[in-house]
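Residue numbers (this note's numbering), protein chains in the order written: chain A, 1 to 113; chain B, 1 to 115.
I should point out that these hints are in silico values taken from the structure, not numbers from a laboratory.
Owing to the predicted nature of the structure, the values given are computational and were not obtained by experimental measurement.
Careful: at least some of the hints might be erroneous.
Stated by the list, open to error - Computed list of lysine-lysine pairs in DSSO-like fashion (alpha-carbon distance at most 27 Å, straight line):
no.: 1; chain 1: B; residue 1: LYS57; chain 2: B; residue 2: LYS15
no.: 2; chain 1: B; residue 1: LYS17; chain 2: A; residue 2: LYS3
no.: 3; chain 1: B; residue 1: LYS57; chain 2: B; residue 2: LYS11
no.: 4; chain 1: A; residue 1: LYS3; chain 2: B; residue 2: LYS57
no.: 5; chain 1: B; residue 1: LYS17; chain 2: B; residue 2: LYS57
no.: 6; chain 1: B; residue 1: LYS57; chain 2: B; residue 2: LYS99
no.: 7; chain 1: A; residue 1: LYS70; chain 2: A; residue 2: LYS3
no.: 8; chain 1: A; residue 1: LYS73; chain 2: B; residue 2: LYS99
no.: 9; chain 1: A; residue 1: LYS73; chain 2: A; residue 2: LYS3
no.: 10; chain 1: A; residue 1: LYS70; chain 2: B; residue 2: LYS99
To be verified - Computed spacing ranges between beta-carbons, pair by pair:
no.: 11; chain 1: B; residue 1: ARG64; chain 2: A; residue 2: ASP26; range: 28 to 34 Å
no.: 12; chain 1: B; residue 1: LYS17; chain 2: A; residue 2: ASN58; range: 46 to 52 Å
no.: 13; chain 1: B; residue 1: GLN84; chain 2: A; residue 2: ALA81; range: 26 to 32 Å
no.: 14; chain 1: A; residue 1: PRO113; chain 2: B; residue 2: ASP63; range: 47 to 53 Å
no.: 15; chain 1: B; residue 1: LYS15; chain 2: A; residue 2: SER31; range: 43 to 49 Å
no.: 16; chain 1: B; residue 1: ASP63; chain 2: A; residue 2: SER28; range: 28 to 34 Å
no.: 17; chain 1: A; residue 1: ASP55; chain 2: B; residue 2: PRO8; range: 23 to 29 Å
no.: 18; chain 1: A; residue 1: GLN83; chain 2: B; residue 2: ASN52; range: 42 to 48 Å
no.: 19; chain 1: A; residue 1: GLU15; chain 2: B; residue 2: THR76; range: 39 to 45 Å
no.: 20; chain 1: A; residue 1: LYS70; chain 2: B; residue 2: ARG111; range: 34 to 40 Å
no.: 21; chain 1: A; residue 1: PRO113; chain 2: B; residue 2: SER7; range: 44 to 50 Å
C-beta: ideal position from N, C-alpha, C; glycine also.
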Amino acid sequence: AQKITQTQPGMFVQEKEAVTLDCTYDTSDQSYGLFWYKQPSSGEMIFLIYQGSYDEQNATEGRYSLNFQKARKSANLVISASQLGDSAMYFCAMIQGAQKLVFGQGTRLTINP
Amino acid sequence: GAGVSQSPSNKVTEKGKDVELRCDPISGHTALYWYRQSLGQGLEFLIYFQGNSAPDKSGLPSDRFSAERTGGSVSTLTIQRTQQEDSAVYLCASSSSLKRRETQYFGPGTRLLVL
Chain A
1 AQKITQTQPG MFVQEKEAVT LDCTYDTSDQ SYGLFWYKQP SSGEMIFLIY
51 QGSYDEQNAT EGRYSLNFQK ARKSANLVIS ASQLGDSAMY FCAMIQGAQK
101 LVFGQGTRLT INP
Chain B
1 GAGVSQSPSN KVTEKGKDVE LRCDPISGHT ALYWYRQSLG QGLEFLIYFQ
51 GNSAPDKSGL PSDRFSAERT GGSVSTLTIQ RTQQEDSAVY LCASSSSLKR
101 RETQYFGPGT RLLVL
């Protein structure tokens, strides 16, 4: 079975600093996909970034980038130049088969002014 | 365009009553998913629908839970004889296909409280 581990329950960062949110995964599949979602206090899940296991380059989307280390089975999210609006829960997820997402426990990120 | 919508946004019910939660996916999306988010269990997959294929019900926690999708669009998740442990946020998501790279877009969720 696939498993996602996020070891940081909470993180506190000063505004404008970069932050790395950790995610490790466990799977026996050779082909898989990894997602990061943001969940602000309003509750909706917002898609941030996707990394395929066969993608040759690390994914980037604006201020978000994914530090994908396949051999270590890690897919850390990097947020550059953090903003107050980045305060939220962040979930790492793996797509299982072609259907269901398996989520980690999440990291609560707080950006301090 | 409109995103995934869910109703009601909040639902309070008494133990033992039945509840129905509704999801309206993004227009044109053929795949629809239900997840549950609770404090104790985190985010869990419940069920997914793809077109006219039989749904994958492998995540439903008990036979009190059922879901249907009418006309390949709107879906209803029904919980019969609700229990206090059913209290959670029920999230619906849709995607344009079952391809692994296809992003699942989530609705705002329905917060269910069973008293």
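Checked hints:
For the hint linking LYS57 of chain B to LYS15 of chain B, the alpha-carbon distance of about 24 Å falls within 27 Å, and the restraint holds. Restraint check for LYS17 of chain B and LYS3 of chain A: the C-alpha separation of about 34 Å exceeds 27 Å, so the hint is violated. Under the criterion of a C-alpha separation no larger than 27 Å, the hint pairing LYS57 of chain B with LYS11 of chain B is consistent with the structure, at around 23 Å. Restraint check for LYS3 of chain A and LYS57 of chain B: the C-alpha separation of about 20 Å stays at or below 27 Å, so the hint holds.
For the hint linking LYS17 of chain B to LYS57 of chain B, the alpha-carbon distance of about 22 Å falls within 27 Å, and the restraint holds. Among the hinted pairs, LYS57 of chain B with LYS99 of chain B is consistent with the structure: their alpha-carbon atoms are about 19 Å apart, no more than 27 Å. For the given pair, LYS70 of chain A sits about 15 Å from LYS3 of chain A by alpha-carbon distance, which is consistent with the 27 Å threshold. Between LYS73 of chain A and LYS99 of chain B, the direct Cα distance comes to roughly 22 Å. Compliance with the 27 Å bound is thereby established for this hinted pair.
Among the hinted pairs, LYS73 of chain A with LYS3 of chain A is consistent with the structure: their alpha-carbon atoms are about 11 Å apart, no more than 27 Å. With a C-alpha separation of about 21 Å, the suggested pair LYS70 of chain A and LYS99 of chain B falls inside the 27 Å cut-off, and the hint holds. With their beta carbons about 31 Å apart, ARG64 of chain B and ASP26 of chain A fall inside the hinted range of 28 to 34 Å. Hint check: LYS17 of chain B to ASN58 of chain A, Cβ distance near 49 Å, so the stated range 46 to 52 Å holds.
At about 44 Å, the CB distance of GLN84 of chain B to ALA81 of chain A disagrees with the hint of 26 to 32 Å. A hinted range of 47 to 53 Å for the beta carbons of PRO113 of chain A and ASP63 of chain B is consistent with their spacing of about 50 Å. Separated by about 44 Å at the C-beta atoms, LYS15 of chain B and SER31 of chain A satisfy the suggested range of 43 to 49 Å. Here the CB-CB span from ASP63 of chain B to SER28 of chain A is close to 30 Å, well matched to the stated 28 to 34 Å.
For ASP55 of chain A and PRO8 of chain B, the hinted distance range of 23 to 29 Å is not satisfied, since their beta carbons lie about 40 Å from each other. Between GLN83 of chain A and ASN52 of chain B the C-beta distance comes to about 44 Å, which sits within the given range of 42 to 48 Å. Remark: the range hint 39 to 45 Å for GLU15 of chain A to THR76 of chain B is upheld by a beta-carbon distance near 43 Å. A hinted range of 34 to 40 Å for the beta carbons of LYS70 of chain A and ARG111 of chain B is consistent with their spacing of about 38 Å.
Against the hinted window of 44 to 50 Å, the Cβ-Cβ separation of PRO113 of chain A and SER7 of chain B comes to about 37 Å, which falls outside the hint.
Consistency with the previously given hints fails for numbers 2, 13, 17, 21, ordered from lowest to highest.
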